[in-house]
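Let chain A serve as the given structure and place chains B and C with the ligands on it in line with the hints.
Protein chains in written order, with my numbering: chain A, 25 to 798; chain B, 7 to 335; chain C, 46 to 256.
It should be emphasised that the hints constitute simulated quantities derived from the structure, not laboratory data.
Careful, some of the hints might be misleading.
Said to hold, decoys possible - If you anchor each label on the Cβ, the simulated ranges turn out as follows:
(1) B/Arg64 with A/Leu82: 45 to 51 Å
(2) A/Glu797 with B/Lys328: 23 to 29 Å
(3) B/Asp292 with A/Arg795: 19 to 25 Å
(4) A/Tyr206 with C/Glu183: 56 to 62 Å
(5) B/Thr288 with A/Arg668: 57 to 63 Å
(6) C/Val218 with A/Glu175: 57 to 63 Å
(7) B/Gly185 with A/Asp105: 42 to 48 Å
(8) C/Glu183 with A/Arg334: 56 to 62 Å
(9) A/Ala612 with C/Glu183: 50 to 56 Å
(10) A/Arg334 with B/Asp295: 36 to 42 Å
Beta carbons: idealized from backbone N, C-alpha and C, even for Gly.
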Amino acid sequence: MATRDKIYYTEGLPVPETPDLGTQPAFWKKTDLVGKPIPRVDAYERVSGTAVYPSDILLPNMIYAAILRCPHPHARVKKIDIAEAGKMPGVRAVITGDSKEAKGVKWKYRDMEVPLFDSHCRFEGEVVAAVAADSWYQARDAAQAIKVDYEVLPFVVDYERSLDVSVPRVQEKGNLLSEDTYSRGDVEKGFAEADIVLEQTYHTQCELHTPLELHGCVANWDGDRLTVWESSQGVFAVQSRVAEALNLPLSKVRASGHYMGGGFGSKLWPGKYTVISAMLARKAARPVKMLLSREETYLCAGNRPAGTMRIKAGVRKDGTITAIDFDCIGPSGAYPAGGVQLVDWLARDLYLCANVRTRGRDVLINAGPARPFRAPGHPQGAWALEQMIDELAKAIDMDPVQLRLKNVPLKSQAREGTPPYTSTGLRQCLEKGAEKFDWQASLERIRKFNEQNNHLRRGIGMGACLWVAGGGGPPSTVVIKLFRDGSINLNMGASDIGTGTKTIMAQVAAEELGVQPAIIQIENADTATTQYATPSGGSKTVPTEAPTVRNAAIALKQELLAAAAEDMEVPEDELEYIGDEIIWSRDAAKRLRITEVSRLKKRGVMIGTGYRGPNPADKVVNPFAAHFCELEVNILSGEINIIRFLGVHDSGRVMNRMTFDNQVYGGIVMGIGFGLTESRQLDERQTGRLCNKNWHDYKLPTAMDVPLEITSLPIELDDPESNNTGAKGLGEPVTIPTAAAIANALCMATGVRFTRAPVSPMEVVRKLSERKEG
Amino acid sequence: MLPKFSYIRPDKLDQAVAQIQAGNAAIHAGGTDLLGCLRERIIKSEKIVSISGLEKLRGVRETVEGGLRIGALTTITGMAEDPLVRKKYPGLAMAASEVASPQLRNQGTLGGNLCQKPRCWYYRGEFHCLRKGGNQCYAIEGENQFHAIFGHDNICVITHPSDTAPVLSALGAKVQVIGPGGGRNIAVADLHVPPRDDVRAETVLDQGEIITHVDIPPPPAGLYTSYRKVRARRSWDFALAGAALALVMDGDRVVRASIVFSGAAPVPWRSREAEQALAGNTLSDDTIDKVCRAATAGAKPLRENRYKVPMFRGMLEEELRKARLQEKA
Amino acid sequence: MEKNDHDDKQGNGYSRRGFMQFIGVGAGVVGASLLSPPLRRPLKAEDVGTIFPASEMVKVRLAVNGTVHAVLVEPRWSLLYVLREIIGMTGTKIGCDRGECGACTVLIDDVPRYSCMTLAVEAENRTITTVEGLMKGEELGPVQTAFVETDAFQCGYCTSGQIMAVEGLLRKVESPSPEEIRLGCSGNLCRCGAYPNIFAAAGKAAQLKSK
Ligand SMILES: Cc1cc2nc3c(=O)[nH]c(=O)nc-3n(C[C@H](O)[C@H](O)[C@H](O)COP(=O)(O)OP(=O)(O)OC[C@H]3O[C@@H](n4cnc5c(N)ncnc54)[C@H](O)[C@@H]3O)c2cc1C
Ligand code: SF4
Ligand code: FES
Ligand code: FES
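So here's chain A without its partners, still in its complex pose (with noise of 0.2 Å):
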């Protein structure tokens, strides 16, 4: 590394070496600036109030939207009258199933595609007419002045019964949707070969993702041109989901959004109500905002689906983990949305076992359909297989963190031809876990506690998870442009979920061209004016867009050496870039600035084209982690205070500190909501509508749910193979062990094992008294 002149905005930063054209880049032995725990990029935009959300967004002539929704779980729609709310003040355009701007206009759920108003609704909140009108409430009003004629059909939104000889039919082809089965080596002779065989059944609820900012978007056409500015974590995925209903090409639709409230997987893709927007401000002739209202986003928006999974699981006394058997059943909703998918991959491979067998079987009830929500599925594994862990180590009498040690896993076993993991950091989470977690003096500590025999009872408790992706990987373009004063653009599709996406990149940019983070502007989350990135969802926005915008650095470097040989007349090898300057490595006399560089005088502005290249052929990259848990619960009360939570994850290098220990906290936050609070009601021996669908009845975690003592404790295992940057996924697993560690420690305190996720008081009265009264 060459030492160089300074300008402001390099000084001090030494430059990796550019490697040669065509060759990948060595992976960083150290940084300087990634990983550091610099505050957010965009951070002045967002606390000053400037920062323009989708829902922000205010045009000339804007007008607003509204959509009337089917209150039943299933019926069809006989007659719609939009006499009168056609008539209404203000409004400017209706349309339902009837109008000609709806004739063709289908809506894909999956493989399954449908009318984007279908007169058969088969959830309550399906899409049966639109309005807009010149305010908020007009539209609201107009709504509500629609009148439908419904021939209610019977339902079922009980997914447990779904599969019952006797109950209606979601869809023509019946009720379940799939079954999928796994097995390997031999449940049975593995069960023979235990000390132990324990079995259980263990509930979670359906959990609702409701992201702060709600689902929405403006539309606005420019001619044949529609652009649509919507709360969303992909925009490409906005932008073809968009041109596909309404049968435009890729180039006829710009979906953008800088920013966005975040998603949690519910903003994936767009909604119905985009493409209604946008049909909206067509008939209308005007911008329309449409925001679903806080209660809409309940029915409509998709959910983490509940799940029933029965466990059996046979260990020997050494720890050794003889056979899993899993089974889970759990609803997508109305239509195909992966119902238990990855529900039962922790069983599959996050411990050593020769013979596991699954079963997932994907039904289909009345209610909203389901979306990705942060670690499809896998919350849900783990609350059982985590607590089943915790069982088995009970019955052998070992430690619940040596038995999980036992049984690391250094190869993916569920996958074809188990291939190894890039890193396992699993080993380190537990011990490095348990050594800041204190966990067997505290183990002492609480049953010394405990022994005082009053009302209040702690416990600690663990658990363990790796997450299925989070490696990342193709495609992603990024561009980076230099312009002729030196600055530079970073020019990239992927949105910034809250993550820290932006500021990473900018980081990462920055380390390469040996520059400040503060010099690089960035562009993202445009169809129209950024590069094709897939959405923000899956922990892989920062494993693959890192990596590609080191290559599109490096290829800018490339680039600037190739230009600055021609004019320094020497061989391009022989020259080395600097940051501001490029030298020549033979005699460092010789140098150019890069602003001189003549084919950037010339043309104003220099391409760096970066592509995200594939991962490691035969390996896995996976994140891990495991979560520790001390709470204290009132025997009396059944209230739960939870005291401390520590966070270890390895993912990889870390990238930035600062953005790294937010999303650990975050997780924590959220799978305590998952654990003790939040459930989505079905008024199911009724009517089956939802009874909660507001922030009162469906609890959130509020600053007072959650402890003032979170720690987050990063293991940071160098891991070249991953990709050039070495990090891999965070935003998942830091929400997958954290119910299934409070339930382990609400069985410490209590000694009742909880199997339904939420543990409200409720519940935790409703089990202590009946262990009473058994």
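This is chains B and C with the ligands only, laid out in the frame that chain A set:
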């Protein structure tokens, strides 16, 4: 979305009284409950009379007898933080500080808190239930984990949502009301209407009556007050099981006991059984046990809320033990 | 059930007579205030038509961050709606429109309140402070600075509400304890779960303010 309405904000009480007579006018104090009710079409009113400009109805004053007079427009925060309230009736301050969230406490008023509509999710949702003039209570057969175990008579099984009413009732407070026919006094204990009397009314107030003040009698010597609220999450949540205690102690003996539950019944639920079991006794383990049993003996739990029986018992046990500790200290 | 929802839709505000009544009574309401009394003259049809046709509108004056905005509103419009969609100050966010998330928190006379649960007509003659009002020119205020430095947000959508809640807390309590901070933030949901950093931000903001 809120439906259309006209809005009037008088600056004198008599103007307000006059305005509220007309048609189906609704009173807006802080509006935290009213606006939700209007949006859900629970209250159908085309005319909103805001009393928020009636400054005289705001504030806490000590009466000559040593009790307190709290204006109906006093905010919940105002009560929770008022030094007189905290000194004389700590239980009331506790209850106030457990209402809703800080912002709602800053805006919501005492009058509104006493007159708020119930929080049954069928009632607040799009279910045309008995209390809204329909012909069915959805909660009886439906999802009733948050519903009543006392006093519902299987008619309407709401729990009364107010946190302040149980304490005020236990303290023997009275509301001062002004209406077209002049003023009257109503004991807080008599303010709320059980379903068997009228399933569509929450309070005995007539259309056009405004609560102006709440009067709390002076605290007798040896008064111990407390409020406890068990809930599913620790902010922004109504009681699963709550209790207001007003005990008059003589040494470690309970001379007089008022025990009023929240989260229990369609009205703030006075547990006479528990009071009787407690009055005249010392707070021994044995008494506490008896009181807790007596408190829930008459419970009529529903399918999903059986847990409330042990929860009320447990919560009350803890509260009585706390009272004992306090008296010893 | 639906019928119940629809059958009162004809309740389309008050008639001209109702409106006059409002004006008659309302004229006396305007009390001592830093604001000049709001103008409550009957609005001529042409005053209204161009902005929102076919609605009865009243003029209110809202003092937001030291500037008085005279706006025409329907009495049912929330302060939140008027701030965001009429005045165009979108720093204040909408999360639920029902008093259950705190994204819309503003200070009214220095006290945090939900602007979604406050009618615009109720906010007359009061001092309204939004997140934009904490700036000094283009410089961040101390609470905002603390939020940046402690990374007290992820998606940032709850953030202006959190900032206003903390601002309100610090205007009341100079150096709050950790438990007071938690309580002060307990009317603001953060689905991203940045609570620990929000608590840290509040602590830091208290320090910055006292400097
Ligand atoms: C999300 C949420 C959570 C809540 N949580 C709780 C809780 O935990 N505990 C709790 O106790 N409450 C809770 N509340 C209920 C309630 O909003 C507050 O308690 C508040 O005190 C109500 O006061 P207000 O002035 O805003 O009432 P308003 O909404 O103005 O009025 C409520 C009702 O009372 C009538 N009214 C108001 N003042 C008078 C008067 N002086 N005379 C006659 N009638 C009058 C109104 O006409 C209206 O029908 C919650 C509310 C919300 C929205
Ligand atoms: S409990 Fe009362 S309010 Fe609830 S559904 Fe039954 S009648 Fe209606
Ligand atoms: S938008 Fe006001 S509290 Fe949620
Ligand atoms: S930062 Fe996203 S909700 Fe708080």
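Against the structure, the hints come out as follows:
1. Taking 45 to 51 Å as the suggested C-beta distance range, the pair B/Arg64 and A/Leu82 does not conform, at roughly 37 Å.
2. Between A/Glu797 and B/Lys328 the CB atoms are about 26 Å apart, so this pair conforms to the stated range of 23 to 29 Å.
3. Here the CB-CB span from B/Asp292 to A/Arg795 is close to 24 Å, well matched to the stated 19 to 25 Å.
4. The supplied range of 56 to 62 Å is met by A/Tyr206 and C/Glu183, whose beta-carbon atoms lie about 58 Å from each other.
5. At roughly 39 Å, the beta-carbon separation of B/Thr288 and A/Arg668 lies outside the given 57 to 63 Å, and the hint is violated.
6. The given range of 57 to 63 Å is respected by C/Val218 and A/Glu175, whose C-beta atoms sit roughly 59 Å from each other.
7. Between B/Gly185 and A/Asp105 the Cβ separation comes to about 43 Å, which falls inside the hinted range of 42 to 48 Å.
8. Against the hinted window of 56 to 62 Å, the Cβ-Cβ separation of C/Glu183 and A/Arg334 comes to about 60 Å, which satisfies the hint.
9. For the pair A/Ala612 and C/Glu183, the supplied restraint of 50 to 56 Å is violated, since their beta-carbon distance comes to about 42 Å.
10. A hinted range of 36 to 42 Å holds for the C-beta pair A/Arg334 and B/Asp295, which are about 40 Å apart.
Comparing the model with each numbered hint stated earlier shows that hints 1, 5 and 9 do not hold.
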